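Trainee: Here is what each chain is made of, one letter per residue.
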Amino acid sequence: MIKKFTFNMRLFWQGASLSYVALFRWLTPITYMASKIVSPLAQMIFFVVLGMYATGKDSAPFYVIGNAMQITAVSGIYGVTMSIGGDRWTGTLPYLFGTPANRFFMFTGRALVHILDGMIGVFIGFFWGVALLGLDLNSANPLALLITVLVTTLSTSGLGLLLGSLSLVSLNVMFVNNTVYFLLLLFSGANVDLTKLPLWIQSFSNMLPLTRGIASARMIVNGASLGDVAPLLFQEFIMGMIYISLGYFLFRWFEMQAKRKGTLEAI
Amino acid sequence: MDAIEIKNLRRVYATNTGTFRRKMKEVVAVEDVSFAIKNGELFGLLGPNGAGKTTTVKMLTTLLIPTAGSATILGSDIVKDANDIRSKIGFIFGGERGLYWRLSAINNLRYFASLYHVEPREADKRIPYLLDMVGLGDRGDEKVEGYSRGMKQRLHIARALLHNPEVLFLDEPTIGLDPVGARELRAVVRDLQSEKKTILLTTHYMFEADALCERIAVINHGKIIALDTPEALKKHVIDLSVIEIEVYGVSDDLINKIKNLSYVDNVSTQNREQRQILMVQTRRGPEAVPDLVSAFNGVRIGKVSAREPTLEDAYVRLVGGAA
Amino acid sequence: MNWKIIKSHLRVVFLTFEMTFRQNMVDSFILFTIVVQPLLIAILAMWMLRERGGDYAIFVIVGSGMSGLWSSLLFVSGNSITSERWNGNLEGLVASPTPIQFAVFGKAMANVTQSLLSMIASYSVVAVLFDVQLRMEQPLVFFSSLVLTMLTFMTFGLIISSVFVINPDVQRWQNGLEFPIFILAGFLFPISLLPGWTNPLSYILAPYWATRVLHAATVGLATSSEIILTWSMMILFGILYIALSGRMFKKMLYRARVEATLNMQ
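Protein chains in written order, with the numbering used here: chain U, 104 to 370; chain R, 556 to 878; chain D, 6 to 270.
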């Protein structure tokens, strides 16, 4: 029993360190800085200023929080998806599926590094918000904010795992990734007050990760306690679990199909 | 003036190794190459993989700048007058790349024709002609992505000839082709030679160089180690001629007698069922057969065959020796 | 100059335009950059600017269209030469007697044209989705400015592709150059909202001048002096880009032939 546990833990960490190496092998310090610091900042400034143009200078915090939280989508989607889909391109899928290793730990281990990476990105975003864009965090409960960021990163990574599994089945990985990233930008409420949009759009937004996380973050910055946002965070967490499960089932389904049809190496 | 004159051409590559502490490493691809190719000559450049053949050709086709040395093609310097040269030469490096996969063969050729300043009217005449010549006449409208490797290779040749260049560089043109395709391609090369084009052909197929080339340079480790006609090169290894004589039991005395003949280098025997094969190595080559046979003096012999040295033998000795 | 050769060069531009146009249609990454992203930005901007009121629809179309133009320039035109290298066709282009700039220009032309078509498509989609009237006050000025914009962007395509080849590190900043230009060029908001010290940065960007006159023309604020100023800047930049591009390509090609980077090893 313990043996199995340690074995699975080892699998989990192996997947994690693989992702870590893969993430940093092609990155030079310059590229990492550009993608972690410059790009998110530029995107944030763009939408914050656009937001101020739209709804006035005082509304800046609304957009700052929304876009800072949205940064989880960068590692959650691009990072996680590639760490699953990457195996297809490097041709290592047959080797993975040929092992008796526990698929779940193999699957989720890969997401770990990107979750941590994503959280760092969000905190950098909040830093910029305070330093450059006048965000006031004085009323914010740090623990609540931390948990919010963690849960949100987890759920967006769940979406990433689903997209990653999807990328094993379909071919247009980057197209899907880019589209989903932008859809999150539109529908998560990062830049729009969702209550002002038609109901059917709000329903759609609630099916996505990030939506409730952003709402929670805004409440917390306005002084809400952990208890106030707990229901939202719980829902966000469940959302993440749903996506992870869907992704995992797709992952297993893909393995079965590929073995049945002999298309494991097909690209 | 020779068509191509090469003086002390040298090319060094600098590569990086390691990820964190990057080190510079120098690789000498071409160390010191000098030779000249006459107008209308079909010249072969022979050598193992990594010898520097492709690098030399890339320098001559203005794709690489030499680290040292110089070369002229039809009087123009390959670095200073690169653009003058480009309209007068054609080249193929072959392989899968270098063509636009989503375009048909005809559209590929039309595009390259425009790159090479061939007038559309002229191109419309040449393209069908060239496609026929390389055996792709009825498949010109198909997209290149559906072509086999051999077909792509042949399309490369058509592309290289669009502007009717005076000088052609063919880098391993038959590699990856099946025997029939390769033979057809060699026929095309021979036709080109009869049109008095100057051709530099690189290959590592010996028989191909032997069959096609008027002169051959053997290159290894970036240096020319031999330059001569195929015949002359083969004469270098005439001592590798082997005469095989089938005998039905022969005494050791007789073997020693043959060994001691002045023109015999070595004798070895091979047993096959009830027969023996005597393998006689002699510098005189096949013309020693009558004398050898008479040396047997009545002992019954069967089949006699003489194996002439091939260019491959010469090459192996040259390349092996220089290693 | 030899008239035959000039005709040949123009033919190369046109054939490359045709080939690139077709190839782009089946490339999902390019389709995303040129068609999907600008449309999504348009929709988001429509939602956001609704609060502001007024006739913001055409403003959004023009702004998002320009953002699409910039993104396509950055990611698609910028990769013109590097993508030929990946496909193994770069050597064939370099070794031909036609300077490679003509092929690159043909590609830039295709990308810019497709961005324009995408702008028109966004126009239709937004008009239908949001049920708005899209009114243009100074159509003549607008369309002339649009033509000039396209030409300026095409010449910029020449520069950016050679810069990315000369210095591959710069290409790694591709992602980092997208949104900053959205901001500084004032695509979807006036640069007066930005701190004053950034304005000089805006003034050295050709997209800024293009956007400025296009936005003005849609609401009828393009005075003669505005038009003269913005058009002169665009023409100036265009000439600058053409002049620079000759030198940059020469340098890039020489360096590539010394360092043996024309081919993927």
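Because the hints were derived from the structure by calculation, they are not lab data. Any given hint might turn out to be false.
Claimed, not checked - Below, in silico cross-link-like pairs of lysine to any residue (SDA-like), each with a Cα-Cα straight-line distance of 20 Å or less:
1) Lys635(R) - Gly251(D)
2) Lys643(R) - Leu199(D)
3) Lys580(R) - Val263(D)
4) Lys255(D) - Thr622(R)
5) Lys256(D) - Asp636(R)
6) Lys160(U) - Leu199(D)
7) Lys255(D) - Ile240(D)
8) Lys643(R) - Ile11(D)
9) Lys9(D) - Asp679(R)
10) Lys643(R) - Asn7(D)
11) Lys812(R) - Val802(R)
12) Lys299(U) - Arg55(D)
On a predicted model such as this, the values are computed, not experimentally measured, just so you know.
Trainee: All hints are to be evaluated individually against the structure, with a verdict given for each.
Mentor: Each hint tested on the structure:
1. Lys635(R) - Gly251(D): holds, 17 Å
2. Lys643(R) - Leu199(D): Measuring from Cα to Cα gives roughly 57 Å; hence the hint is violated.
3. Lys580(R) - Val263(D): holds, 16 Å
4. Lys255(D) - Thr622(R): holds, 18 Å
5. Lys256(D) - Asp636(R): It holds: about 16 Å lies between the C-alpha atoms, which stays within 20 Å.
6. Lys160(U) - Leu199(D): holds, 12 Å
7. Lys255(D) - Ile240(D): This hinted pair is violated, its Cα atoms lying about 23 Å apart.
8. Lys643(R) - Ile11(D): holds, 18 Å
9. Lys9(D) - Asp679(R): Since the Cα atoms of Lys9(D) and Asp679(R) sit roughly 17 Å apart, the hinted pair holds (cutoff 20 Å).
10. Lys643(R) - Asn7(D): OK: Lys643(R) and Asn7(D) at ~17 Å, within 20 Å.
11. Lys812(R) - Val802(R): holds, 15 Å
12. Lys299(U) - Arg55(D): The given pair, whose Cα atoms are some 10 Å apart, holds under the 20 Å limit.
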